[in-house]
Amino acid sequence: MFIIDDILLRQLGITIPGLSLVWTLEQIRDFAYKELYNPEKVKNKIKENRLLFEFGELTSGEYENNNAKLLQELKLAQRGTEMNLSVRTDILGAR
Amino acid sequence: MKEESGRYVYCIMKSPGEKKSFGNIGFGGQEVYTLEYRDFAPVMSNAALKKYEAIDEEVELHRKVVEQVMKEHSVLPVAYGMAFKNKKLLLIAMSVGYKAMKKAMNEVDNRVELGVKLFLPKENATWDGKEECKSVFLEALKKKAVQSKELKLFSERLILNTSFLIDRDKINDFSSEVEQLGNKYPDLKIQYSGPWPPYNFVDIQILSRKRGGFR
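Note that the protein sequences, when read in sequence, are chains X and V.
Throughout the first sequence, residue numbering follows our numbering, covering 1 to 95 in sequence.
Throughout the second sequence, residue numbering follows our numbering, covering 1001 to 1215 in sequence.
Treat the hints with care, as some may be off.
What the hints assert, rightly or not - Non-contacting residues of chain V with respect to chain X, defined by C-beta distances greater than 10 Å in every case (computed): (1) G1006; (2) E1060; (3) R1063; (4) V1108; (5) S1175.
Stated by the list, open to error - Keeping only pairs whose Cα atoms sit at most 30 Å apart, straight-line, the calculated DSS-like set for lysine-lysine is: (6) X:K43 - V:K1122; (7) X:K34 - V:K1149; (8) V:K1064 - X:K75; (9) V:K1050 - X:K41; (10) V:K1134 - V:K1144; (11) V:K1170 - X:K43; (12) X:K47 - X:K69; (13) X:K69 - V:K1064; (14) V:K1149 - X:K41; (15) X:K45 - V:K1152; (16) X:K43 - V:K1050; (17) V:K1130 - V:K1103; (18) V:K1170 - X:K47; (19) V:K1050 - X:K45; (20) X:K43 - V:K1064; (21) X:K34 - V:K1152; (22) V:K1064 - X:K47; (23) X:K47 - V:K1144; (24) V:K1152 - X:K41; (25) X:K75 - V:K1085; (26) V:K1134 - X:K43; (27) V:K1064 - X:K41; (28) X:K45 - V:K1134; (29) X:K43 - V:K1142; (30) V:K1064 - V:K1019.
Just so you know, these hints were derived from the structure itself, not from any lab.
These numbers were taken from a predicted model, which means no experiment stands behind them.
Idealized CB from N, CA, C, for every residue including glycine.
Bound-form chain X, shown alone (with noise of 0.2 Å):
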């Protein structure tokens, strides 16, 4: 049973990258969060929310309320990229 067996390695810290469903998960949850939270994208946004309004595809109210929400998202996607994902502290001391 390889679900059994690696979360049984896991308990005994041990993993095999690769090889680990959890592992696996890992990697696409990561993948998931840079792609949520990549600063990038969310800069990309504001500078597309800004080009909207001064086109008057938007109102100022519209570009005002986007770019709180953008400003906002953006300070999460910073603070998540200063924090490394994959690295976790196990409080039981083994890794």
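Chain X is already provided as a structure; the job is to place chain V on it using the hints.
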């Protein structure tokens, strides 16, 4: 007003030979003035040494000061948020960067930056003529410019985002070229902006830090 020992630098210009004041238009209503360093003069104000967050109003203030200075002088723009603990450290940075500044000033003296963005209309965001249109614009505008720099296409509807370095006395010529090209593509949305300080054509990094650096 509290006397701050920090120095916030907005841009660098050629030395006017003596201290020049641009009025109380700096952060916290402080006077913006020049300091002499050989044949250069950093344009600065006394300000607290802190981390300058990219807040719209403050970035705007920095931009306005630089624009005020560039009305009469060629400038080397400095990235937003560049503050020094004191005058002495600023002068050290000036000496470290002197050679690079000299070279950069030769490039941008009496020149300005103009920006052109081409944006597809909402209704026609998948237009297949965009590559050709981009080449037509670039080819014609590059002929009128000293240098050009293609910038990031930050939206799917953005097909061209380019900055051009133009001799001050050729701005009108460049503007009419943009207008003529625009007339060829009436459906396109065009943002023609400037004159800006040559942000995209000066890249000096001294005492580079995570944010800012001496650009």
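Consistency of the hints with the structure:
1. With a cut of 10 Å on Cβ distances, G1006 of chain V stays outside the contact zone with chain X, its closest approach being about 25 Å.
2. The Cβ of E1060 of chain V lies farther than 10 Å from every Cβ of chain X, with a closest approach of about 13 Å, so its non-interface assignment holds.
3. Listed as a non-interface residue, R1063 of chain V keeps its Cβ farther than 10 Å from every Cβ of chain X; the least gap is roughly 14 Å.
4. Every CB of chain X lies more than 10 Å from the CB of V1108 of chain V, the least distance being 24 Å, so the non-interface label holds.
5. Chain X leaves S1175 of chain V outside its interface by the beta-carbon criterion, the shortest separation being 18 Å against a cut-off of 10 Å.
6. For a cut-off of 30 Å, the pair hint linking K43 of chain X to K1122 of chain V stands: about 21 Å separates their Cα positions.
7. Between K34 of chain X and K1149 of chain V, the direct Cα distance comes to roughly 29 Å. Compliance with the 30 Å bound is thereby established for this hinted pair.
8. Straight-line distance between C-alpha atoms of K1064 of chain V and K75 of chain X comes to about 26 Å, which keeps the hinted pair within the 30 Å bound.
9. Restraint check for K1050 of chain V and K41 of chain X: satisfied, since their Cα atoms lie roughly 28 Å apart, inside the 30 Å limit.
10. Of the pairs offered as hints, the one joining K1134 of chain V and K1144 of chain V holds, with about 16 Å between alpha carbons and a cut-off of 30 Å not exceeded.
11. For the hint pairing K1170 of chain V with K43 of chain X, the CA-to-CA distance comes to about 33 Å; that exceeds 30 Å, so the pair is violated.
12. The straight-line distance between the Cα atoms of K47 of chain X and K69 of chain X is roughly 13 Å, inside the 30 Å bound, and the hint therefore holds.
13. Note on K69 of chain X and K1064 of chain V: the hinted pairing holds, with a Cα-Cα distance of about 26 Å set against a maximum of 30 Å.
14. Of the supplied pair hints, the one linking K1149 of chain V and K41 of chain X holds, its CA atoms being roughly 21 Å apart against a limit of 30 Å.
15. At roughly 12 Å between alpha-carbon atoms, K45 of chain X and K1152 of chain V fall within 30 Å of each other, so this suggested pair holds.
16. Taken as a hint, the K43 of chain X and K1050 of chain V pair is honoured in the structure, with Cα atoms around 24 Å apart against an allowance of 30 Å.
17. For the hint pairing K1130 of chain V with K1103 of chain V, the CA-to-CA distance comes to about 37 Å; that exceeds 30 Å, so the pair is violated.
18. For the suggested pair K1170 of chain V and K47 of chain X, the alpha carbons sit about 29 Å apart, so the restraint of at most 30 Å is met.
19. Simply put, K1050 of chain V and K45 of chain X have alpha-carbon atoms about 28 Å apart, close enough for the 30 Å limit, and the pair holds.
20. Annotation: proposed proximity of K43 of chain X to K1064 of chain V holds, straight-line Cα distance about 22 Å (limit 30 Å).
21. At most 30 Å may separate the alpha-carbon atoms for a hinted pair to count; K34 of chain X and K1152 of chain V meet this at roughly 20 Å.
22. For a cut-off of 30 Å, the pair hint linking K1064 of chain V to K47 of chain X stands: about 20 Å separates their Cα positions.
23. Taken as a hint, the K47 of chain X and K1144 of chain V pair is honoured in the structure, with Cα atoms around 27 Å apart against an allowance of 30 Å.
24. Restraint check for K1152 of chain V and K41 of chain X: the C-alpha separation of about 12 Å stays at or below 30 Å, so the hint holds.
25. Taking the CA atoms of K75 of chain X and K1085 of chain V, the gap is near 27 Å; set against the 30 Å cutoff, the hint holds.
26. Between K1134 of chain V and K43 of chain X the CA atoms are separated by roughly 24 Å; this keeps the pair inside 30 Å, and the hint holds.
27. At roughly 28 Å between alpha-carbon atoms, K1064 of chain V and K41 of chain X fall within 30 Å of each other, so this suggested pair holds.
28. Simply put, K45 of chain X and K1134 of chain V have alpha-carbon atoms about 22 Å apart, close enough for the 30 Å limit, and the pair holds.
29. Distance hint between K43 of chain X and K1142 of chain V is fulfilled; the C-alpha atoms sit about 28 Å from each other, no more than 30 Å.
30. Only pairs whose Cα atoms come within 30 Å are accepted, and K1064 of chain V paired with K1019 of chain V is accepted, the gap being roughly 20 Å.
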